[in-house]
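Starting from the known structure of chain A, fit chain B onto it as the hints suggest.
Protein sequence lines correspond, in order, to chains A and B. Start counting the first sequence at 998; every next residue gets the next number (the numbering used here). Start counting the second sequence at 998; every next residue gets the next number (the numbering used here).
Heads up, a few of these hints could be off.
Since copy identity is lost for identical chains, a pair holds within one copy or between any two.
Unchecked claim - Subject to a maximum C-alpha distance of 16 angstroms in a straight line, what follows is the list of computed EDC-like cross-link-like pairs (lysine to aspartate or glutamate):
1. K1112 / E1192
2. K1160 / E1348
3. K1112 / E1100
4. K1392 / D1424
5. K1112 / E1197
6. K1160 / E1398
7. K1112 / E1196
8. K1104 / E1115
9. K1392 / E1208
Everything labelled a hint here was simulated from the structure, so no lab data went into it. Remember, predicted model here, so these are calculated numbers, not experimental data.
Number of protein chains: 2
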Amino acid sequence: MSGVPLRRAAILAVGSELLMTSRLDTNSLFITNALNSIGIEVVFKSVIGDDRGELGDQFAHALRRVDLVVLTGGLGPTDDDLTREVVAEQLQRRLTEDVGITEAIRKRFESRGWKMPEINRRQAMVPAGATVVANPNGTAPGLWIEHGEKGVLLVPGPPREMKPMVEQMVSDRLRARAGGVLLVRRVLKIAGRSESRVEEITQPVYGRWREQQPPIETTILAVPGQIELHLSARGSDARQLAAALAAGIRQIAEVLPHDLFSDDGRSLEEVVGELLRERGWRIALAESCSGGLATSRLTDVSGSSAYVDRSVVAYSNDAKTEWLGVDSELIAVHGAVSEPVAEAMAVGVRERARVEVAVAITGIAGPTGGTDAKPVGMVCIAVTTPQATTVRTFKFPGNRELVKTFAAFTAIDMVRRLLLDAPPNADWIQK
Amino acid sequence: MSGVPLRRAAILAVGSELLMTSRLDTNSLFITNALNSIGIEVVFKSVIGDDRGELGDQFAHALRRVDLVVLTGGLGPTDDDLTREVVAEQLQRRLTEDVGITEAIRKRFESRGWKMPEINRRQAMVPAGATVVANPNGTAPGLWIEHGEKGVLLVPGPPREMKPMVEQMVSDRLRARAGGVLLVRRVLKIAGRSESRVEEITQPVYGRWREQQPPIETTILAVPGQIELHLSARGSDARQLAAALAAGIRQIAEVLPHDLFSDDGRSLEEVVGELLRERGWRIALAESCSGGLATSRLTDVSGSSAYVDRSVVAYSNDAKTEWLGVDSELIAVHGAVSEPVAEAMAVGVRERARVEVAVAITGIAGPTGGTDAKPVGMVCIAVTTPQATTVRTFKFPGNRELVKTFAAFTAIDMVRRLLLDAPPNADWIQK
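Bound conformation, chain A alone:
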């Protein structure tokens, strides 16, 4: 095989069960990670049923488009396991039984006191010129085929069989063929901004990166409340790539100084947890429409018991007055969803829990309960310390689940901004 490096890969997951409505191809995440680590980019991945025509056609398509095709699944002993045969046919290589493999499979069965079923012989069929990849956790061996300048890797579908085999190939043959091109990624997480605003603000910055050396590719992704900017750079010099990405991140931080909260994979609740920990502060929460979600997110962080003291989910007005000391008169005058009530809830829980900072959320999650003056999605959030209290009214988009998610995320972000003395979240504040 020639020394042309493998740069672009496709992953084909084979099995009709993967086309059912309850199954996801999770193998491809592991394989993508393994390939990226040696600089091989995955340009597409497909799921195909146990269908000779479809599999043959997709494999041929992939082989035209990429340097490396990884197939998982369809290496079992039964009739519907077609991967070996289809690949051999497409590459025009004869399949012959490898008696060494048959013997190994037979021994595997015998070690458990069983006789090898005759159908397992199919797993010993090897296309001419293929290298056998040992499977420490199962009967189906993997196969590695160098075809002209391309590479084809077949591994079984069960993750505990597939994973060590892919790891082995990556640390050995594939690394040697990868051409030393590295792919380095960084994820920037941004709070308090809509996707289009982030695009407007950052595009003039990242738009220039494609022309530089090394170029940086950018993707924008919206998850409720949070916008992610994914940066990736490719090259052979790890230090140069890291420096280019670090410079890019600094430029984004300049245009979104208060909204960029993570460039190292940490979640918002991890960032806020560390800020609280640094100051030795404890936090308490009073939630209404978010139903405990903000507290649940804060306590997703291991070790959060060091700074999360307590929280009240005060769905009923009685709970607000009895447990948070909110004046029932205040609720009668302003309504439970109002800035004065949010503020009273925050101060109430802070004083009762004797903590340094507290946050309160009250709003209309929907789908019912909205009015013209207080529509579904309107949420009041207050953060308070013994020194100061900030309260804001937001209008979040979407259904009940989204409003809860936005409200919880934004409340935690308001705590972050308070701790960092940063201005409030901009885009969702009600004008």
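Same frame as chain A, but now just chain B:
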């Protein structure tokens, strides 16, 4: 467009983020289900990055192989949203701005007090001959293109935008163009059992279904705390299929009478919510290790304010004594994670909130804090009414997030069992 029926479909999910190692294309599950329901089979599905060449090539490949190509994602307003352009190019149709769409997008922004960013104009570009599919939850409209005998559907990537649009298309245009073979599915949800126990108990039942007419296919799926049994049958007679599935469900209910809690899509919290509503009962919660997750799940249900009164997340021992009246002596003697403390928390919150039923959760979510006697995953849950209190200790598998999820789910299930006078959850109880 001719009357040739659409039988075979491919789903292309577009977005570089879907090729990252942390992202799965879950949209395709929903779309597969929707297409199957009108007898259209999905023969493959692919994930492609925001790359013009790859997307064009995969789309062309799909269009050759199947009758219907569904593309999700890449319809946003930014530079890397290429789906519209690539499809138009491949089908050799001109893209022109639909001023009606521009106006609708502008109004959507204005209703929130914002000005439409100029880049959102891109979302109004429509290939010649395409039909616009309204998007009730976002700015990007969908597109439906009849191309010769084939159909091409473009929908946005965010699930809450994509889902209603696909539902609309399936119940309308696509149903009219499908071949008339029906695929009917039912999902059974089971609590308190591990996947292998469900398999052991139900396999002798569903094992017989493949031989009957119409045959029923079965798949088992584990989500934390909950096991799902997916039943599907295929044929042309809707009534016969429905009857076969109903008979199958009765057989499963016979072998899992107390554990099968839903056969109509309802979640556990919806089922429990309706039971509470029927009795006119209100509920309160005291959570420790689950951090508010049980309350958050209960309040995911629209209208839950009718029966969820309040909840305390008592992470600190002070919160347990001050707000729930748990004797600090009891905590000192038994530890915060113990059946007596769980019981005292439940009774404490029930009495203070003056509700008919309360549930309390205290445990070790990990990864730290475990001991030999009280390992990570050990959780005590108590449910109480003025008449009786039940408390159980569980040992849940997995990491912090999983333990929280199991604990919240199991606590809500204990409320269900109390309301139905059913025996306790079996498989996770500590022996």
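Hints, verified against the model:
For a Cα distance limit of 16 angstroms, the shortest separation of K1112 from E1192 across copies, 14 angstroms, qualifies, whereas the shortest one inside one copy, 52 angstroms, does not. Proximity of K1160 and E1348 under a CA criterion of 16 angstroms is satisfied in neither setting, with 43 angstroms inside one chain copy and 45 angstroms between copies. Taking CA atoms no more than 16 angstroms apart as the test, K1112 paired with E1100 passes inside one copy only; the shortest distance there is 12 angstroms, against 72 angstroms between copies. Proximity of K1392 and D1424 under a CA criterion of 16 angstroms is satisfied intra-copy only: 9 angstroms inside one chain copy versus 44 angstroms between copies.
Taking CA atoms no more than 16 angstroms apart as the test, K1112 paired with E1197 passes between copies only; the shortest distance there is 13 angstroms, against 60 angstroms inside one copy. Proximity of K1160 and E1398 under a CA criterion of 16 angstroms is satisfied inter-copy only: 15 angstroms between copies versus 27 angstroms inside one chain copy. When the C-alpha separation of K1112 and E1196 is checked against a cutoff of 16 angstroms, the pair qualifies only between copies, where the shortest distance is 15 angstroms, while the shortest distance within a copy is 56 angstroms. Within a single copy, K1104 and E1115 get their C-alpha atoms as close as 13 angstroms, which meets the 16 angstroms cut-off; across copies the closest is 68 angstroms, which misses it.
In the homo-oligomer, the alpha carbons of K1392 and E1208 never lie at most 16 angstroms apart, since the shortest distance is 39 angstroms inside one protomer and 56 angstroms across protomers.
In the structure shown, a violation is registered for the earlier hints numbered 2 and 9, in ascending order.
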